[in-house]
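If you read the protein sequences in the order shown, they are chains A and B. Residue numbering for the first sequence follows our numbering, beginning at 1 and increasing consecutively. Residue numbering for the second sequence follows our numbering, beginning at 328 and increasing consecutively.
Mixed in with the good hints, there may be bad ones.
[As the list claims (entries may be wrong)] Only pairs whose alpha carbons sit at most 30 Å apart, straight line, appear in this in silico DSSO-like list of lysine-lysine: (1) K351/B x K384/B; (2) K351/B x K205/A; (3) K205/A x K246/A; (4) K351/B x K339/B; (5) K205/A x K332/B; (6) K339/B x K205/A; (7) K351/B x K276/A; (8) K292/A x K276/A; (9) K332/B x K351/B; (10) K246/A x K339/B; (11) K384/B x K339/B; (12) K292/A x K246/A; (13) K332/B x K384/B.
[Stated by the list, open to error] Label-pair ranges, simulated between beta-carbon atoms: (14) D395/B x Q256/A: 37 to 45 Å; (15) R331/B x G50/A: 54 to 62 Å; (16) D35/A x N415/B: 41 to 49 Å.
[Claimed, not checked] Examples of chain B residues toward chain A, derived with CB under 7 Å: (17) E334; (18) A338; (19) L352; (20) N364; (21) I367; (22) V369; (23) K372; (24) I374; (25) G376; (26) G385.
Treat the hints as calculated values from the structure; they're not laboratory data. Just so you know, even glycine gets a beta-carbon here, dropped at the ideal spot from N, CA and C.
Listed below, chain by chain, are the residues.
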Amino acid sequence: MEIVERNLPVARFVAETAELLGLRLVGVSPESGTDITVPEVSRPGFVLTGFTDKYQHERIQILGGAEFSFLETLPRDEVAGAIAHLFSRPVPCFIVTRGQEPFPELVQQAHEHGVPLLVTEQHTTRFIRALTGYLEDFFSPRGNVHGSLVDVYGVGLLVTGPSGIGKSEITLDLVERGHRLVADDVVQLIRRGGVLIGRGNEFLKHFMEIRGVGVIDVREMFGIRAIRVQKRVEVEVRLERWVQGKHYDRAGLEYQTSPILGVEIPNVVLPVTPGKNVTVIAETIAMNHMLKVYGLSPAERFNRQVMEGLARRNEARVYHYLQQDEE
Amino acid sequence: MRERKLEVVNAKGLHLRAASELVKLTATLTCRVSLSNGIIEVDGKSILGVAALGAAKGTEIVVRTEGDGEQDALDRITALFTRGFYENVP
């Protein structure tokens with residue numbers, strides 16, 4: 001299931017970020033602003049001068065040091081007119097940074113147009129960075145899969161497969177061998193840029209169900225080092241029931257990829273048979289992935305050796321040819 | 328694929344005991360079962376998955392069945408929801 005949020009009401013934005021961004025509301029209820037629909041912010045310096053052609057009014061508007069310095073250069077009777085340009089289009093909200101005292105004209109016009117006005121003590125650049133981080137998170141595609149996510153040697157393995165195939169048992173086995181559980185059963189996914197991040201469900205945390213035993217708490221049983229809160233998803237391990245006659249990859253661990261929330265994730269299809277040690281294979285998959293990320297594959301390294309050998313032989317031939325050259 | 332919107336009617340909602348009643352049924356089914364609360368979609372055969380829906384009394388859950396006997400499966404799941412997972416229905 002994939003969900004992409006498209007509208008962020010200002011009231012929700014303020015409630016969720018007031019602490020992180022140090023926001024303080026100056027008059028006007030946050031209920032009254034138009035919804036935020038994009039993860040970008042705008043600094044409307046040009047708009048204050050009257051150039052409103054490219055006014056990105058759908059964005060959160062940041063009034064920092066530059067905007068305030070400009071207003072201060074204006075004769076007092078022109079300030080209201082400059083600020084009026086800001087309200088020429090519908091805006092979700094205005095945020096004044098660096099704890100600057102908002103101009104009375106700004107407060108008044110915000111009130112008249114019913115646009116929320118907020119103040120933060122934070123420095124403009126740092127503030128925008130934190131704000132953009134929050135907005136990008138909010139507008140990122142998210143979803144959930146049935147499976148478990150384990151950090152194996154630092155590689156995020158997403159174990160999937162039909163119910164009853166033994167995903168939780170393999171996960172528990174991996175945890176027992178010192179790897180770290182991120183989530184079992186329900187993995188919540190979010191795409192940040194080109195990276196897929198997985199974490200546990202808020203209710204499940206690090207509980208697991210082991211058939212025949214019941215619900216266990218991995219954190220309590222194995223300690224804090226056996227868990228982690230979130231992890232990048234790097235390889236999907238698909239467990240399948242063994243089908244007689246079906247072709248499975250034998251040549252090596254040649255990865256296929258398939259998209260999860262639009263991110264191509266390599267996957268390995270693993271047939272499960274009784275007595276097969278899937279845990280060790282899962283560790284091997286993780287290590288193999290790391291080898292590919294960090295360095296050359298064995299085949300490439302071998303090929304490079306052969307090519308270096310050939311090059312040396314060519315040099316030797318030229319050397320011999322020139323040595324006999326008495327001209 | 329069959330689909331039906333069902334309401335959680337028992338007072339305690341889909342807590343662990345109710346979830347285990349549901350899973351006791353779905354585990355015997357050959358078709359795939361999934362439950363969704365509009366935010367997350369979980370495997371109907373997993374007790375933790377069902378509990379993860381965080382479905383209190385009054386929550387509407389979309390149940391999907393797919394595969395052998397999907398209609399019969401959906402009817403039996405519906406009956407279980409209506410009876411409040413054998414718990415007291417106010």
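- Are D35/A and N415/B spaced within 41 to 49 Å by their CB atoms? For N415/B against D35/A, whose Cβ atoms are near 42 Å apart, the range 41 to 49 Å holds.
- Message: Tell me if the interface restraint on G376/B is satisfied: Cβ within less than 7 Å of some Cβ in chain A.
- Response: For G376/B, the interface hint holds, since the closest Cβ of chain A sits about 5 Å away, which is under 7 Å.
- Item | Proposed proximity, K384/B with K351/B (alpha carbon, max 30 Å) | Between K351/B and K384/B the Cα gap is close to 20 Å, so the pair holds against 30 Å.
- 30 Å limit on alpha-carbon distance, applied to hinted pair K384/B and K339/B: Distance of about 6 Å is within 30 Å: holds.
- Item | Restraint check for K332/B with K384/B, where alpha carbons must lie at most 30 Å apart | Holds - the C-alpha atoms of K384/B and K332/B are around 14 Å apart, at most 30 Å.
- Message: A338/B was flagged as interface toward chain A. Is the shortest Cβ-Cβ separation under 7 Å?
- Response: For A338/B, the interface hint is violated, since the closest Cβ of chain A sits about 19 Å away, which is over 7 Å.
- Is the hint on I374/B kept, meaning its closest Cβ partner in chain A is under 7 Å away? holds, 5 Å
- Message: Holds or violated: K205/A and K332/B, Cα atoms, limit 30 Å.
- Response: holds, 27 Å
- Message: Checking one constraint from the list: CA of K351/B to CA of K339/B, max 30 Å. Satisfied?
- Response: holds, 18 Å
- Item | Hint check, G385/B versus chain A [nearest Cβ-Cβ separation less than 7 Å] | Constraint on G385/B not satisfied, violated at 18 Å.
- Item | Holds or violated: K351/B to K205/A, with C-alpha atoms at most 30 Å apart | holds, 23 Å
- Query: Do the numbers back the hint for K372/B, that is, is its least Cβ distance to chain A under 7 Å?
  - Reply: Holds. Min distance 4 Å.
Of the hints listed earlier, those the structure fails to meet are numbers 3, 10, 14, 17, 18, 19, 20 and 26, in rising order.
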